[in-house]
Amino acid sequence: MISLEGIHKHYTSDSRRLHVLKGVNLSIDDGEMVSIMGSSGSGKSTLLNILGLLDTYDQGAYQLGDTAISAGLSEVKAAQLRNRFIGFVFQSFNLLPFKSALENVALPLYYQKIGRKARNYRAEKLLDLVGLGERTKNMPNELSGGQKQRVAIARALITDPRMVLADEPTGALDSATTDDVMAVFKEVHRTGKTIVIVTHEHDIAEQTERLILLKDGQVER
Amino acid sequence: MWDMDRWQEIGHTLSRHKLRTGLTAFGVFWGIFMLVLLLGAGNSLKQGAIDRFSGNTNTLYIWIGSPTQYAYKGFAKGRRVDWNIDARDMLRKKLEGAQTVVEINELGGWQAEQYIVHGKRSGTFVARGTHPEVAINSGYAPIKGRFVNANDYAQKRKVAVLGVEVYKQIFEPNEDPVGQSIKIAGIHFMIIGVYQSVIASENSYRDDSRILIPNSTLRTAFNQTEYIGSLRIKPKNGVSAAEVEEQALTLLKEYYYVHPQDTTAFGYYNTEKNYMKVVALFNGLNAFSWFVALGTLLAGVIGVGNIMLIVVKEKTREIGLRKALGATRGSIVGLIIQEALVITALAGYIGLVTGVAVLELFAVLLIKFDIPGFGVPSIDFTTAILALVLLIISGLLATLLPAHKAAAVNPITALQDD
Ligand SMILES: Nc1ncnc2c1ncn2[C@@H]1O[C@H](COP(=O)(O)OP(=O)(O)O)[C@@H](O)[C@H]1O
Ligand SMILES: [Mg+2]
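Here the protein sequences come in this chain order: G and Z. All residue numbers for the first sequence refer to the numbering used here, where the first residue is 10 and numbers rise by one. All residue numbers for the second sequence refer to the numbering used here, where the first residue is 30 and numbers rise by one.
In case anyone wonders, no lab produced these hints; they're calculated from the structure. Since the model is a prediction, treat every value here as computed from it, not as a measurement. All C-beta atoms in this analysis are idealised placements derived from N, C-alpha and C, irrespective of residue type, glycine included. Heads up, some of the hints might be wrong.
Derived, one-sided and incomplete: chain Z residues facing chain G with beta-carbon distance under 8 angstroms [unchecked claim]:
(1) His41
(2) Glu142
(3) Val146
(4) Glu343
(5) Leu354
(6) Ser360
(7) Gly363
(8) Ile441
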C-alpha cells in the first residue's frame, strides 16, 4: 500500500511563495488502478512527482510499501528507489531518439548493472506484451505516437516496479490511439501492477477503478 | 569506464556532430602538435649550437693583451707584460681549480703564417703547438693516422698533424700523407695524421687550415724555449671556468706586477661563458615554446569545455530522463567526462604522433642534405608524456563545469512538457 498523509508542497519563484499541496491525504492499494483529475495548475503533476520520488515534499508523511520516504530523501537514494519501485510514463513519451525501441525499453536495467543479454531478453518480452514484438529494432521516429507510448509503457515495466505513474499519457494522442494505450494499461493492471494515471479526460478516468479529485491543494474525494 | 554501452553512447554523440567534434579535436591536436614542433625545433637548434663546443664547454684561454693601464709597484703604465714559461709553471703550482695548464705557441707569433713545402707543392699556414690532451677537448677528429700523443710531446718529436685543408692543398688527391715529410720554416717534420673539425661551422675552414706540432718541439726547434703564446687552462670537474679565470688572472697580475684593477693587460676568454649564454638562450627559447604551445593548448581545451557545455545543454532532457529512470549523478558525470577525455586524449595523441613524425622527417632531411647548425630535432619521452598528462588533466578541468551542470539537471524541469 502507498499512503500520503498531510502532504504539503510549496514552490517559491520570483520571491512569491506558492502553496500547491495543502495537506494531501491519500492511499492507494497494491494492484489498484486510479486516476487523478483536477483543473490545470491544481498540482496533479506535483503530486505525481512526489509519489514518484522525483520531487520532495515539505511536510507530512509518505509510506511507499515498507519504505518510509522522508522529506529530506537524498538524491542517490531516490534514484535507487525510483529505479526499483517506480515506472514512469510521460505525455511526450521521452524516448531517446538515437536508440531502438528495444534499447529504450532496456535502458532502466542498465542502471541496475544488468548485462546486455539479460536486458534485451526482458525488453523483448515486454515489447511483446505491449504488442510491439515485431518492432524491436525500429527507431522512435519510425513509430506512431501510440506505438511510442506503448514502448514507453514497456520501459516503465521493465524493472518490475511496484507502481506505474503516468502523467497525461494520452494527452498527445488521438482518441483511437488513446483507446489502444488504455487497453495496454488495463492489460498491465491485470498483471497486478498499481497504476496511477493523471488525466483531464473523463473518458480515461472512467476506465480506472477510482478517481481522485484534486482541488484547492487537497484531495476532494 | 570499459562499459560497452557507454562507449556506444560516446560514439553516438561524437558521430552525430562530426563537424563540431572535428573542430574541437583540431584545437587540441594543434596545441600538442605545435608544442612538439616548437620543442623539437628548439632542441635541434640548441643541440646544433652545443655541438659546436664539441665538449669544449669549459675551457679558459689567457694571452697578453694591451699595455698596462696603471703604474704599479715601481713600473710605469703603458708597459707590455713580458711573460714566459714561468707563468705556466707558476699556475700549475698555484692555480687550485685547474686540472691542466698548457702553453700554446704559434710559429713566428700569433696567427703568423709559415711557408710550408711538400715536394713541388707549397702553401702558407699557421703552425701551432699542441698537447696530447688538447685533442680530447678541442673538437678535432683524426681522419687519417693519429693525433699528437704523450710520447711525441715528451720526446719533442718532429711530427706534424695536418688540418684537412692543408692536406688538400699540398698533397695529390688520394695520396697517403702519413709517414711523408714536410718542411716547416726549413725544418723537416714527419706527418703522423690529418684531422678535421668534428662539427662544420663558419670557423671550420680556419681551424682545418692549421698544422699542429707538439708544443714542446715547437719551443725547442724554433728557439721559443722561454716564450709562450697563450695559456689553455682546463678547470677541474665541477669547477667553473669563470672561477678559475678570476684566480688565474689574480695570480698572473701579482706575478707580473700588474695593478689588480687592470682589465686589459691580459686577454682572456672562456668557452663556458659562451656555453652558458647559449644554454640560457635556448632555455629561454624552450620556455617560450612551452608558453606559446600551452596557450594554444589552453585554447583547445577551453574549446572542449565549451563544446561539452553545449552538449550538456542539448542533452538536458535526455539527462533528466536518465535520472528519472534511475541514473545517479555519478553515472551522468562519468559520461560527460569520458566523452571529453576521449576527444582530448585522442586528438592529443594524434597531435603528438604527427608532431613526432614531422620531426623525424626533418631529421632525415637534415642528415640527407647535411645541413650544418642543427642537431637532430627530437623531444624526449618524458616531455611527450608530460605534455599528454597535462593535456588530460586540463581536459578534466575543462569538463568540471559542464559535468557539474549535467549533475545538477533537475529531471522535473528537464522533462516538463511545454
Ligand atoms: N518548479 C516549479 N516552480 C514553481 N512553481 C511551480 C513549479 N512546478 C509547478 N509549479 C506551479 O505549481 C502549480 C501546480 O503545478 P502542476 O503540479 O504542474 O499542476 P498540474 O499538473 O495540475 O497542471 C502551478 O501553478 C505551477 O505553476
Ligand atoms: Mg501537469
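Now the hints, each set against the structure:
The interface hint given for Z:His41 is met, as the beta carbon of that residue sits about 5 angstroms from the closest beta carbon of chain G, less than 8 angstroms. Annotation: interface hint on Z:Glu142 violated; nearest CB of chain G at approximately 85 angstroms, more than 8 angstroms. Hint status for Z:Val146 relative to chain G: violated, with the closest Cβ pair at about 91 angstroms, above 8 angstroms. Because the beta carbon of Z:Glu343 sits about 12 angstroms from the nearest beta carbon in chain G, more than 8 angstroms, this interface hint is broken.
Interface hint status for Z:Leu354: upheld, as the beta-carbon distance to the closest one in chain G is roughly 5 angstroms, under 8 angstroms. Because the smallest distance between the Cβ of Z:Ser360 and any Cβ of chain G comes to about 7 angstroms, under 8 angstroms, the interface hint for this residue holds. Nearest Cβ of chain G to the Cβ of Z:Gly363: about 12 angstroms, over the 8 angstroms cut. The hint is violated. Proximity of Z:Ile441 to chain G holds as hinted, the smallest CB-CB distance being about 5 angstroms (cut-off 8 angstroms).
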